Amino acid sequence: MAKIELCGVSYVYSSKTPFEKKAVNNIDVAIEEGSITGIIGHTGSGKSTLVQILNGLLEPTSGKVLFNGADMHAKKTKLSDIRFKVGLVFQYPEYQLFEETVESDIAYGPKNMGLDKAEIEKRVHDAAKFCGIEEAILKKSPFELSGGQQRRVAIAGVMAMTPEVLILDEPAAGLDPQGRSDIFGGICEYRRKTGATVIIVSHSMEDIARYCENVLVMSKGEVFDYGSCDKIFERSDELEAIGLDIPQIARLLRRVGEMGVSFDKNIYTVGEAYRSIIPFIKGGGGSAS
Amino acid sequence: MAVLLRDITLGQFFPGNSLLHKTDPRYKIIIAMVYIVSLFLAKGVLSYALVLVFTFAMIIFSGIPLRIVVRGFKALMFIIAFTAILNIFWTKGENLIFEYKFIKIYAEGVTYAVFMILRLLCLLTGSSVLISYTTSPIALTYGIEKLLAPLNLIKVPVHEFSMMMTIALRFIPTLIEETDKIMSAQKARGADFTSGGIIKRAKALIPILIPLFVSAFRRADELAVAMECRCYNGGKGRSKMTKLKTKPLDIIMLLVFSAFTAGIILLNGITLF
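Keeping their order, the protein sequence lines are chains A and B.
If you count the first sequence from 1, position 126 lands on 126 in the numbering used here, and the numbers rise without skipping.
Throughout, the numbering used here is defined as the position within the second sequence, counted from one, plus 1000.
If you are wondering where the hints come from, they were derived from the structure by calculation, not from laboratory data.
Model, not experiment: these values are computed from the prediction.
Please note that the accuracy of each hint is not assured.
[Stated by the list, open to error] The calculated lysine-lysine pairs, modelled on DSSO-like cross-linking and capped at a C-alpha distance of 30 Å, are:
hint, chain 1, residue 1, chain 2, residue 2
1, B, K1203, A, K75
2, B, K1181, A, K139
3, A, K140, B, K1203
4, B, K1181, A, K64
5, A, K117, A, K85
6, A, K21, B, K1181
7, A, K140, B, K1181
8, B, K1200, A, K122
9, B, K1203, A, K117
10, B, K1074, A, K22
11, A, K265, A, K220
12, A, K139, B, K1200
13, A, K75, B, K1200
14, A, K231, A, K220
Isolated chain A, as found in the complex:
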């Protein structure tokens, strides 16, 4: 079943002024329940606008957004409820921290939901655990933490609302490799425990290939393609033409393939590549696949 469905959605910024700009144009996409979807696209391709439409922060200029089959902007639906159910983590979310302690910052979302104290506390601790935040840190001020820790606190702040859909805009941007895998690990853990639908916007093809099942490719405000990783990365030349790329390891294996040793074409992660290359080397050459 589709969790969120966009039907002919367009969004225009500063409509009817000289600065008018079409951000997204006529988008039809259905995000399956429980799936993990990556959104990729060149800078300015409309990804950030799209995610804000998905959780009701922006109302599309035209078209409909269906959440669990119901129109999100219908008169009787309360938008704040939608925002609790579709959690959105913005780019560089650490810049929105404001409370005195990490604990109360994570509790901000659940508090706005009107939950009771015990439930809030439970959710704060659960969310902290998903994001690898130790108990000792909870009592600290968010402003004394390192950038990576702040990022995790901010993500925990959204997870604490236990949204049915978790959307993250560039969750790992600017972090070191350890920080990246910690964050993605936390997201996967959250999804496994709650069965939530996850949407990740990223510039890193490696991360998308490693963590996502489906990929939505945006180009110039329109959907370029939408489908499984295999299907998308097969069109590597076209992706390159719109300023994107395929994972480096896939590029490498394709070059090797051109040189006469062919591996499985659908290898996009270093782990998979390792598992096919090693037997090939141990086997002393010949055909690998």
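Guided by the hints, dock chain B onto chain A, whose structure is given.
What follows is chain B alone, placed relative to chain A:
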């Protein structure tokens, strides 16, 4: 609120090629002052007519869309309405036109209120067309720096002031954008800025203001470091790539505006009725 933020026209520059755009910023500041003084000199229907025609001509010459100019009025609507009401009810004159219990409205009050509204609107239009819309912030601060240069003699740090102004103007759009972002992020966590009493609403601003201040300080810090990395150490011995030079156009502009002032003084002397 987000819409309100975008309505601020302060420091909004519309690039263009009009004569006003080409005028030297130093002269523009001076003619803006001449214009404002003239506005306050105007008395009577004829001189106000001249003011209106002149201001309108200025907008046409600047090439700024009339719509943009009118949009700038929105921010001042409250002040304008307030002055108008104050003038209507509190001005005493000879021709009583309306009376109800303690409320007395005189014809003079109404005329005065109309003039006051016109004066405020022209003040806003004239100064924004002359200064913000047609002068880039950089040119403007350079102009101010040059005009105030004599104050250096009495040890006023003119360069530092103008640098502060440039930076402040430069960061207005950045901070507005930042505020928008933080507001969206907090809304995504269920923040509600539009309902509840005044205390609840004021409290709802805390999650915006704190991150905004933190990031403003961070930006200031980063900017200071970046400036030092490029060897900035104040105004001493600092030169400009383009030097301001008086052109014939600047003199003509000054003459046109002086003629405008003279016209108003002349028209003030003529009574119609």
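For each hint, the structure was consulted:
| no. | hint | result |
| --- | --- | --- |
| 1 | B:K1203 with A:K75 | holds, 28 Å |
| 2 | B:K1181 with A:K139 | holds, 27 Å |
| 3 | A:K140 with B:K1203 | holds, 22 Å |
| 4 | B:K1181 with A:K64 | holds, 24 Å |
| 5 | A:K117 with A:K85 | holds, 20 Å |
| 6 | A:K21 with B:K1181 | holds, 18 Å |
| 7 | A:K140 with B:K1181 | holds, 25 Å |
| 8 | B:K1200 with A:K122 | holds, 26 Å |
| 9 | B:K1203 with A:K117 | holds, 20 Å |
| 10 | B:K1074 with A:K22 | holds, 26 Å |
| 11 | A:K265 with A:K220 | holds, 29 Å |
| 12 | A:K139 with B:K1200 | holds, 26 Å |
| 13 | A:K75 with B:K1200 | holds, 25 Å |
| 14 | A:K231 with A:K220 | holds, 21 Å |
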